[in-house]
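Here is what each chain is made of, one letter per residue.
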Amino acid sequence: MNDALLKIEDLSLSYGGGLVAADVTFDVRRGETLAVVGESGCGKTSLLKAVLGLDGLGVAVESGRVIFDGRPLSEMPKKARRALLGGEIGMIFQNPGAAFNPIRSYKKQFSELLKSHGRFQGESSYAEIRECFEKLGLPEGERILNSCPYEMSGGMNQRVAIAAAMLLRPKLLLMDEPTSALDVTTQKTVLDELSRLKALTEMAMILVTHNLGAAARIAERTAVMYAGRLVEYGGTQAVLKTPCHPYTRCLIDAIPKLDGRLPSGLEGQPPLYGAEMPGCAFRDRCPLRRPDCAERPYAQEEAEPGHFAACAEGRI
Amino acid sequence: MNEAKAILKVRGLYKTFKRKGVAAEAVSDGTFELMPGEILGIVGESGSGKSTLLRCIACLERPTAGEIELDGRNIAGKRPSNVCRTVQMVFQDAANSFNPRMKTGAAIDEAVRQLAGLSGGSVRKRRDELIRMVGLDPSLGERYPGELSGGQCQRLAIARTLAGEPKVLLCDEVTSALDVSAQAQIAGLLAALRRELGLAIVFVSHDLALVGGVCDRILVMRGGKIVETGAAMEMLTAPREEYTKLLLSSVLSVEDGYEE
Chain L
1 MNDALLKIED
11 LSLSYGGGLV
21 AADVTFDVRR
31 GETLAVVGES
41 GCGKTSLLKA
51 VLGLDGLGVA
61 VESGRVIFDG
71 RPLSEMPKKA
81 RRALLGGEIG
91 MIFQNPGAAF
101 NPIRSYKKQF
111 SELLKSHGRF
121 QGESSYAEIR
131 ECFEKLGLPE
141 GERILNSCPY
151 EMSGGMNQRV
161 AIAAAMLLRP
171 KLLLMDEPTS
181 ALDVTTQKTV
191 LDELSRLKAL
201 TEMAMILVTH
211 NLGAAARIAE
221 RTAVMYAGRL
231 VEYGGTQAVL
241 KTPCHPYTRC
251 LIDAIPKLDG
261 RLPSGLEGQP
271 PLYGAEMPGC
281 AFRDRCPLRR
291 PDCAERPYAQ
301 EEAEPGHFAA
311 CAEGRI
Chain V
317 MNEAKAILKV
327 RGLYKTFKRK
337 GVAAEAVSDG
347 TFELMPGEIL
357 GIVGESGSGK
367 STLLRCIACL
377 ERPTAGEIEL
387 DGRNIAGKRP
397 SNVCRTVQMV
407 FQDAANSFNP
417 RMKTGAAIDE
427 AVRQLAGLSG
437 GSVRKRRDEL
447 IRMVGLDPSL
457 GERYPGELSG
467 GQCQRLAIAR
477 TLAGEPKVLL
487 CDEVTSALDV
497 SAQAQIAGLL
507 AALRRELGLA
517 IVFVSHDLAL
527 VGGVCDRILV
537 MRGGKIVETG
547 AAMEMLTAPR
557 EEYTKLLLSS
567 VLSVEDGYEE
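Chains L and V, in that order, are what the protein sequence lines are. If you count by the numbering used here, then the first sequence holds residues 1 to 316, one letter each, in order. If you count by the numbering used here, then the second sequence holds residues 317 to 576, one letter each, in order.
A hint or two may mislead.
[Said to hold, decoys possible] Below, computed lysine to any residue pairings styled on SDA-like, alpha-carbon distance capped at 20 Å:
#, chain 1, residue 1, chain 2, residue 2
1, L, K257, V, K561
2, L, K257, V, E550
3, L, K257, V, D523
4, V, K561, L, T185
5, V, K541, V, A381
6, L, K257, V, D532
7, V, K336, L, T185
8, V, K336, L, S147
9, V, K561, L, S147
10, V, K561, L, C148
11, L, K257, V, L562
12, L, K257, V, S566
13, V, K336, L, M152
14, V, K336, L, C148
15, L, K257, V, E571
Hints in this document: simulated from the structure, not taken from any laboratory.
Based on the sequences and whatever the hints tell you, model everything.
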């Protein structure tokens, strides 16, 4: 796999002393979108923070490596890592309001952003920004540029934040629930535009979401996380159509369909710091639990080429 | 349905917000009825007036014009304390609807004292009963909101609204901040409460699939106006308005998967 842009090898992460992710191994190829799905607290955001490696995010790498574009991030000096942010690794956070200074016009903030990366070219930059806005469903580009973030709705801010990240054309774009602040009708527009921009620029993306529908829409591959571990990983079609792990199946069954029936949902919630648990962390909520689930060590098995799962009981 | 008397009648409701001298009509000509024991869904984009409509019914906003008849009396423009025994509202962010420095059980106790007028030992008894009603263990009342999951917090927020035995429950995006696994459960809880207590519920959400699963009737709002009303199944399978069709096509499904 020479075309892997990002490689994560046996990564274990801790947050405030507790293990939040363990034995995570995956890669993201150039120009590929990987969706990481799971419930709140499963460690998916911690994973992004580890790739980003910003200080003050609270996530510490316990063991394992993060390799970006051939360079081991986890062994690089802070300054060199910092230089990668924005230009090579972009990030869109869940809370769009926090990404901007609320009382400074977008125009000033965008020119600062471009100048700090040495890419500001006056009016032609603004034209590019307006064009990017338009693609994301924000037609009045000039008016938005002259506005301040506090005057905008959450959904608009989020789309501006996406535009800001895209402008720098990073090789890898990390997105933490980028569409959950958006309206249903704009969600689809933004997701489709992201995949179109991605195809044009050969950018790879990691989409962290609890919305399996969003994963199905734009991701080539999907990883399902539970209690800090990857429980299933493979092509999106394979993972969502023929899931192996009972947890993946439960998540899919919990989504309401347009058939007028209410799905049963999934009882209980993931254990905190589940990565420290021996055996399968999902066993207490699992409808297909067997007596030996508490002892079985965590291991990924290849169900079919490129489709891995820690348990195959959910397969029909 | 015709012989039964509506528990809530909204007629010609208008709400206009004025900002810097510019008037914005958040709700215009809102007219609908809610039957006892009925679950009515309201869908629409942000800014379509769904929340404002609910806030007017809960008397958290004073309508500009129109009538709101709740259980036989006109409540438009009354103070919340006048109606809180009959109508209660649950919000999107459950954790923020509790005082973060107060145990959730104590917060429910306050509601029990004020809305049900109980005191002494019976308060604690009623609190435990309410927490059981929403499918949780009473021991969760000893925790702070920050120590609970979103789903648990939302259940406790619903338990608190039931203290005064309301007849109408207004739910404003109560599931949208929750995980998929918890969303359907909260919706299921509401359906169970309707069955057991005969509660009438207005369920506002932008998730049309979820609304279709839990509601009897659906009302579609756009730009402050009600553009379409109909039985839930009918709206999902044979919507008339273009806008309803657009909302339906926006539902991201696992089936329309990624194509190479």
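The hints, checked one at a time:
A distance of roughly 15 Å separates the Cα atoms of L/K257 and V/K561; the hinted pair therefore holds under the 20 Å criterion. Restraint check: the Cα-Cα separation between L/K257 and V/E550 comes to about 15 Å, which is no more than 20 Å; the hinted pair holds. Distance restraint check for L/K257 and V/D523: the Cα-Cα separation of roughly 10 Å lies within the 20 Å cut-off, and the hinted pair is therefore satisfied. Proposed proximity of V/K561 and L/T185 is supported: the alpha carbons are some 11 Å apart, at most 20 Å.
Taking the CA atoms of V/K541 and V/A381, the gap is near 14 Å; set against the 20 Å cutoff, the hint holds. A distance of roughly 16 Å separates the Cα atoms of L/K257 and V/D532; the hinted pair therefore holds under the 20 Å criterion. Taken as a hint, the V/K336 and L/T185 pair is broken in the structure, with Cα atoms around 29 Å apart against an allowance of 20 Å. Simply put, V/K336 and L/S147 have alpha-carbon atoms about 17 Å apart, close enough for the 20 Å limit, and the pair holds.
At most 20 Å may separate the alpha-carbon atoms for a hinted pair to count; V/K561 and L/S147 exceed this at roughly 33 Å. Distance restraint check for V/K561 and L/C148: the Cα-Cα separation of roughly 34 Å exceeds the 20 Å cut-off, and the hinted pair is therefore not satisfied. Taken as a hint, the L/K257 and V/L562 pair is honoured in the structure, with Cα atoms around 16 Å apart against an allowance of 20 Å. Proposed proximity of L/K257 and V/S566 is supported: the alpha carbons are some 12 Å apart, at most 20 Å.
In summary, the hint linking V/K336 to L/M152 is supported, as the alpha carbons are separated by about 16 Å, within the 20 Å threshold. For the proposed pair V/K336 and L/C148, the alpha carbon gap of about 17 Å is at most 20 Å, so the pair holds. A threshold of 20 Å between alpha carbons decides the hint, and for L/K257 with V/E571 the separation of about 10 Å falls inside it, so the pair holds.
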